[in-house]
Amino acid sequence: DTGVSQDPRHKITKRGQNVTFRCDPISEHNRLYWYRQTLGQGPEFLTYFQNEAQLEKSRLLSDRFSAERPKGSFSTLEIQRTEQGDSAMYLCASSLAGRRATNEKLFFGSGTQLSVL
Amino acid sequence: KNEVEQSPQNLTAQEGEFITINCSYSVGISALHWLQQHPGGGIVSLFMLSSGKKKHGRLIATINIQEKHSSLHITASHPRDSAVYICAVRVGNEKLTFGTGTRLTIIP
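Which chain is which? The protein sequence lines are C and W, in order. One point on numbering: in my numbering, the residue at position 109 of the first sequence is 102, and numbering is uninterrupted. Each position in the second sequence, counted from 1, maps to that position plus 1 in my numbering.
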């Protein structure tokens, strides 16, 4: 296993179009996170899954955003009717979380850079 | 709301210098992470600590829980250390909250 992989690496789209990103976590990891990062800022939490269950969703995530992890393995993040403000790096991370989340170590993918024209 | 503040925002130093990057946070935490982000987005976890000090090669991370402060030190800095260094904290079992990062440039 080579780590967390994300596809595509770059996506350019026109405003109003729908886009979908994919994240393949490290195979035995039960948690999967989506973050968004804009230039000069740290990553902002969007949502996360424990296995196939979506446990938390940020208030930053409007109704245009939806994420799934149907079989508890890979995940997809879809943005409908994209806006220019959606332009950012979308990062995926996975972890093997035990009972104590304080010991949880995240492994990040290289991200998908979205540009909305 | 837990805020994470990093300083400096940008740091340029000569190769070989001793580097210190600081992180302050506002509420009690269960763990603090230091991460390294290279151009292109890849993020690597450097340290995870909840007390004391950890060392890995030329990197040292310390945390003072009472003062709500952590530092990342790099000894004998090298141009390949040039990256963005991000501090992130966890409150209880909640998700990580990230700082905005410190952009480090080491000049040969």
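Honestly, the hints are just simulated from the structure, not real lab data. Built from N, CA and C at the ideal position, the CB exists for glycine as well. It is possible that part of the hints are untrue.
[As the list claims (entries may be wrong)] Mimicking DSS-like on lysine-lysine, the simulated pairs with C-alpha atoms at most 30 Å apart in a straight line are:
1. W:Lys69 <-> C:Lys50
2. W:Lys69 <-> W:Lys54
3. C:Lys50 <-> W:Lys54
4. W:Lys56 <-> C:Lys98
5. W:Lys69 <-> W:Lys55
6. W:Lys69 <-> C:Lys98
[Said to hold, decoys possible] Some chain W residues judged to face chain C by a derived CB distance under 7 Å, without partners named:
7. Pro9
8. Gly43
9. Leu47
10. Leu50
11. Ser52
12. Lys56
13. Val92
14. Phe99
15. Thr106
Hints and how they fare:
1. The suggested pairing of Lys69 (chain W) with Lys50 (chain C) holds, with an alpha-carbon distance near 27 Å, which does not exceed 30 Å.
2. Taking the CA atoms of Lys69 (chain W) and Lys54 (chain W), the gap is about 14 Å. The hint holds against a cut of 30 Å.
3. A hinted pair counts as satisfied when its Cα atoms are at most 30 Å apart, and Lys50 (chain C) with Lys54 (chain W) does not qualify at roughly 33 Å.
4. With a C-alpha separation of about 17 Å, the suggested pairing of Lys56 (chain W) with Lys98 (chain C) holds against the 30 Å cut-off.
5. The straight-line distance between the Cα atoms of Lys69 (chain W) and Lys55 (chain W) is roughly 17 Å, inside the 30 Å bound, and the hint therefore holds.
6. As the CA atoms of Lys69 (chain W) and Lys98 (chain C) are separated by approximately 21 Å, the hinted pair is consistent with the 30 Å bound.
7. Interface hint status for Pro9 (chain W): violated, as the beta-carbon distance to the closest one in chain C is roughly 14 Å, over 7 Å.
8. The beta carbon of Gly43 (chain W) comes within 5 Å of a beta carbon in chain C, closer than 7 Å, and the hint placing it at the interface holds.
9. Given hint, Leu47 (chain W) at the interface with chain C, is violated; its Cβ is 11 Å from that chain's nearest Cβ, farther than 7 Å.
10. Interface restraint check for Leu50 (chain W): the shortest CB-CB distance to chain C comes to about 10 Å, outside 7 Å, so the restraint is violated.
11. Restraint check, Ser52 (chain W) versus chain C: the minimum CB separation of about 11 Å is more than 7 Å; hint violated.
12. Because the beta carbon of Lys56 (chain W) sits about 17 Å from the nearest beta carbon in chain C, more than 7 Å, this interface hint is broken.
13. A distance limit of 7 Å between C-beta atoms decides the matter here; for Val92 (chain W) the minimum to chain C is near 10 Å, and the interface restraint is violated.
14. At a threshold of 7 Å, the smallest CB-CB gap from Phe99 (chain W) to chain C is about 3 Å, leaving the interface hint in force.
15. Violation of the interface hint for Thr106 (chain W) is found here, the shortest Cβ-Cβ separation to chain C being roughly 15 Å, above the 7 Å cut-off.
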